[in-house]
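Line order of the protein sequences matches chains A and B. Position in the first sequence counted from 1, then plus 103, gives you this note's numbering. Position in the second sequence counted from 1, then plus 10, gives you this note's numbering.
Hint data in this document are derived by calculation from the structure and do not stem from the laboratory. Just to be clear, a hint being listed does not mean it is correct.
[Claimed, not checked] Cross-link-like lysine-lysine pairs, in silico, BS3-like; alpha carbons within 27 Å at most:
hint: 1; chain 1: A; residue 1: K320; chain 2: A; residue 2: K129
hint: 2; chain 1: A; residue 1: K132; chain 2: B; residue 2: K129
hint: 3; chain 1: A; residue 1: K129; chain 2: B; residue 2: K27
hint: 4; chain 1: B; residue 1: K103; chain 2: B; residue 2: K129
hint: 5; chain 1: A; residue 1: K119; chain 2: B; residue 2: K27
hint: 6; chain 1: A; residue 1: K132; chain 2: A; residue 2: K119
hint: 7; chain 1: A; residue 1: K320; chain 2: A; residue 2: K132
hint: 8; chain 1: B; residue 1: K27; chain 2: B; residue 2: K14
hint: 9; chain 1: A; residue 1: K132; chain 2: A; residue 2: K214
hint: 10; chain 1: A; residue 1: K119; chain 2: A; residue 2: K129
hint: 11; chain 1: A; residue 1: K214; chain 2: A; residue 2: K119
hint: 12; chain 1: B; residue 1: K103; chain 2: A; residue 2: K132
Each chain, written out:
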Amino acid sequence: MAENVFSWLDERLGLKAIYDTILDRKVPKVNWWFTLGSASLFLGIMQGITGMLLSVYYVPTPDHAYDSITFIMTGVQFGWLIRGIHHWGASLLILTAFIHMLRVFFYGAYKYPREFTWITGVGLLISALGMGFTGYLLPWNQRSYWATTVGSEIAGTVPWVGDFILRTLRGGTNLSALTLSRFFSLHIWIFPAIILATVGTHLYLVIRLGISHIPDKDS
Amino acid sequence: MPSKYRSPVMDRRSFVKIVTASLGSMMAAIVGLPVIQYFISPALGKTGSDDWISLGSLDNFPFDLPTLFNFNITQVNGWERSSMSYGAFVLRKEGQDPIVFSDVCTHLSCRVNWDEENKEFHCPCHNAFFDANGEVVSGPPPRPLDQYEIRLDGDQLFIHLTEG
Ligand code: HEM
Ligand code: FES
């Protein structure tokens, strides 16, 4: 039965071919450092799932943001778990992506023809940091308030355009309801959309070009 | 691979597949089951009320005229205190205990109005009519208007609000 359903779908969707291309592709002899891209991907997916779940209860307004987080932690069953995964996963993702980048760098895996894979990777790292910066404000507690004050103040030190950047980040001169809601929008819509497109390109290139082997004496 | 390392039971590929599938399902279950709880727990919580509401002195309510009494109950829903409004129609008749109807239509919970001209309750949502005693005259409601349990304390009227 299941066999029949599968072959019916496979004939129309080409599932086997997708499986072969993505999971059965040829790889050189590699080591554990090569798992960090997949680890980042897994953590990214977890951030997506737990983030969607947090948005079930979280509200991005100054009068309720903090209370809604408190409710998630104490009023909803397993709220602490969902938030905990999202909270710690965020830091872990940056860590795995960064070490992944170091691996690519030290193995010289960014060279021809993989320069564009590297460029999309840089885009991913920057977007991941953007997710961290915008997400940090959302609990609207003392720490997030002052972290964003300081963070946007740092952006304000850019010569010439600093003040403009600072105001654009904050949605005005000061941190306010406008800051919170634009950070929320960046965190759940804009950065995720950018990351989705960039991860897609990144992985397409990894599959298209294959993984580079560990440099040997000849290279 | 030299044959002394080879398992007679399965090859390396099937082993990896089985381990991946079982670890994957375990992780999915560890996260997935709490997610169900996370979603439904507010539905299981008790937000209901069980209160006696004072409607004040009976003298406020004329005879033979269903009179609307509005009241608000504050409830904590999640991170917010919200005021829920209720309506009760009090009908007094000479020599009888007052009857207090809920203004919630028994069809799909719109609020009914008293139409003095036709001496009927009217629900605008699907055009239902109830007579002064709450019986369905026409329209889709399956049963008469609900009545509150009442208590009289001298001339003071109370109704019993139970929910949830
Ligand atoms: C959001 C974070 C990221 C995800 C989900 C991700 C995902 C992946 C995956 C699954 C691979 C396959 C090979 C492996 O795992 O080692 C890969 C390869 C690669 N990544 Fe990333 N990556 C991320 C960030 C980065 C960053 C920050 C850079 C560099 C700036 C980068 C540059 C590359 C390059 C050049 C390859 C090809 C390596 C090769 O062919 O040997 N990636 N990435
Ligand atoms: S809700 Fe009153 S008639 Fe349908």
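Checklist entry - Is it true that the CA of K320/A sits at most 27 Å from the CA of K132/A? => result holds, 15 Å
Item to check | Hint consistency between K119/A and K27/B [alpha-carbon to alpha-carbon, up to 27 Å] | outcome: holds, 16 Å
Checklist entry - Are the Cα atoms of K132/A and K119/A separated by 27 Å or less? => result holds, 24 Å
Checklist entry - Would the pair K320/A and K129/A pass a check requiring their Cα atoms to be no farther apart than 27 Å? => result holds, 22 Å
Checklist entry - Regarding the pair K132/A and K214/A, is the alpha-carbon distance no greater than 27 Å? => result Cα-Cα ~18 Å, so holds.
Next on the checklist: Check the hint pairing K103/B with K132/A against an upper bound of 27 Å on the C-alpha distance.
Outcome noted: Cα-Cα ~93 Å, so violated.
Next on the checklist: With the threshold set at 27 Å, check whether the alpha-carbon distance from K119/A to K129/A stays at or below it.
Outcome noted: holds, 16 Å
Checklist entry - Within 27 Å, alpha carbon to alpha carbon, are K129/A and K27/B? => result Status holds; Cα separation ~17 Å.
Item to check | 27 Å limit on alpha-carbon distance, applied to hinted pair K103/B and K129/B | outcome: Within the cut-off at roughly 15 Å; holds.
Checklist entry - Is the hinted pair K214/A and K119/A satisfied, with a Cα-Cα distance of at most 27 Å? => result violated, 32 Å
Checklist entry - Does K132/A pair with K129/B here, judged by a C-alpha cut-off of 27 Å? => result Roughly 88 Å between the alpha carbons, so the hint for K132/A and K129/B is violated.
Next on the checklist: Checking one constraint from the list: CA of K27/B to CA of K14/B, max 27 Å. Satisfied?
Outcome noted: Between K27/B and K14/B the Cα gap is close to 22 Å, so the pair holds against 27 Å.
Hints 2, 11, 12 from the earlier list are contradicted by this structure; the remaining hints agree with it.
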